[in-house]
Amino acid sequence: MKRTAAILLLTLVGSTQAHARDGFEQVRCDGDIARALAGRRGSNEPVVAIEARHKDLALKDLGASDYGRFSSITWSICGRDFMVLEDNRTNIVKDVLEMPPHSKASPVFEGRCKLGGKPMPESVVAVLREQGGQDDLPAEAAWQVDEKAVKFVKMPTEGLLCPRDGITEPGAQP
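Sequence positions in the sequence shown follow mature numbering (1 follows the signal peptide of the UniProt record, and there is no 0) and run -20 to -1, 1 to 154.
Honestly, the hints are just simulated from the structure, not real lab data.
Keep in mind that the hints are not guaranteed to be accurate.
What the hints assert, rightly or not - Capping the alpha-carbon separation at 27 Å, the derived lysine-lysine pairs in DSS-like fashion look like this:
id : residue 1 : residue 2
1  : Lys98     : Lys131
2  : Lys134    : Lys84
3  : Lys74     : Lys40
4  : Lys94     : Lys40
5  : Lys94     : Lys134
6  : Lys40     : Lys84
7  : Lys40     : Lys131
8  : Lys84     : Lys128
9  : Lys134    : Lys74
10 : Lys74     : Lys35
11 : Lys98     : Lys134
12 : Lys94     : Lys74
13 : Lys128    : Lys74
14 : Lys94     : Lys84
15 : Lys131    : Lys94
16 : Lys98     : Lys40
17 : Lys98     : Lys35
With these hints in hand, go ahead and build the complete structure from the sequences.
Written as structure tokens, this is what we have:
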């Protein structure tokens, strides 16, 4: 009876620790954050629980977009912003992008853009250059979201214009 109780107790403790795993265990502010996240399993528990568990990382969920098979999730980690592509079936982080500096004048965008005046079939993540009320804004830096490989692919910004309605920067839209 004692042996059965001990096994049950160890199983319960082990499952509690497994539940607390969320992909941020290996992240250190002074380390390679993108590398520490890639290949890790995310968590389906409430974001407030994950943020509370990682106060040392100043972790904050900044929002997410669903692509069907995977999601892009933006996190503030150690004062820097990272976008992760996470498989929706397995919760495995497939790719991580550290966002370049951005602001109201250089907002983050996620969605469909035009390249050379033609609509792109692929989604784009970009930092745009605000230009006084124009509907389409030029990109300062951009990555195509390769939906088959679930990866970010750096792309040239020449001729790339993205609509204002895809801006995700708080306070950047009129």
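A quick look at each hint next to the structure:
A distance of roughly 23 Å separates the Cα atoms of lysine 98 and lysine 131; the hinted pair therefore holds under the 27 Å criterion. A distance of roughly 22 Å separates the Cα atoms of lysine 134 and lysine 84; the hinted pair therefore holds under the 27 Å criterion. Note on lysine 74 and lysine 40: the hinted pairing holds, with a Cα-Cα distance of about 20 Å set against a maximum of 27 Å. Proposed proximity of lysine 94 and lysine 40 is contradicted: the alpha carbons are some 31 Å apart, above 27 Å.
A distance of roughly 16 Å separates the Cα atoms of lysine 94 and lysine 134; the hinted pair therefore holds under the 27 Å criterion. The straight-line distance between the Cα atoms of lysine 40 and lysine 84 is roughly 19 Å, inside the 27 Å bound, and the hint therefore holds. Taken as a hint, the lysine 40 and lysine 131 pair is honoured in the structure, with Cα atoms around 22 Å apart against an allowance of 27 Å. A threshold of 27 Å between alpha carbons decides the hint, and for lysine 84 with lysine 128 the separation of about 32 Å lies outside it, so the pair is violated.
Only pairs whose Cα atoms come within 27 Å are accepted, and lysine 134 paired with lysine 74 is accepted, the gap being roughly 16 Å. Proposed proximity of lysine 74 and lysine 35 is supported: the alpha carbons are some 24 Å apart, at most 27 Å. Of the pairs offered as hints, the one joining lysine 98 and lysine 134 holds, with about 19 Å between alpha carbons and a cut-off of 27 Å not exceeded. Proposed proximity of lysine 94 and lysine 74 is supported: the alpha carbons are some 26 Å apart, at most 27 Å.
At most 27 Å may separate the alpha-carbon atoms for a hinted pair to count; lysine 128 and lysine 74 meet this at roughly 11 Å. Taken as a hint, the lysine 94 and lysine 84 pair is honoured in the structure, with Cα atoms around 21 Å apart against an allowance of 27 Å. Taken as a hint, the lysine 131 and lysine 94 pair is honoured in the structure, with Cα atoms around 20 Å apart against an allowance of 27 Å. A threshold of 27 Å between alpha carbons decides the hint, and for lysine 98 with lysine 40 the separation of about 36 Å lies outside it, so the pair is violated.
Of the pairs offered as hints, the one joining lysine 98 and lysine 35 is violated, with about 44 Å between alpha carbons and a cut-off of 27 Å exceeded.
In summary, the numbered hints that this structure violates are 4, 8, 16, 17.
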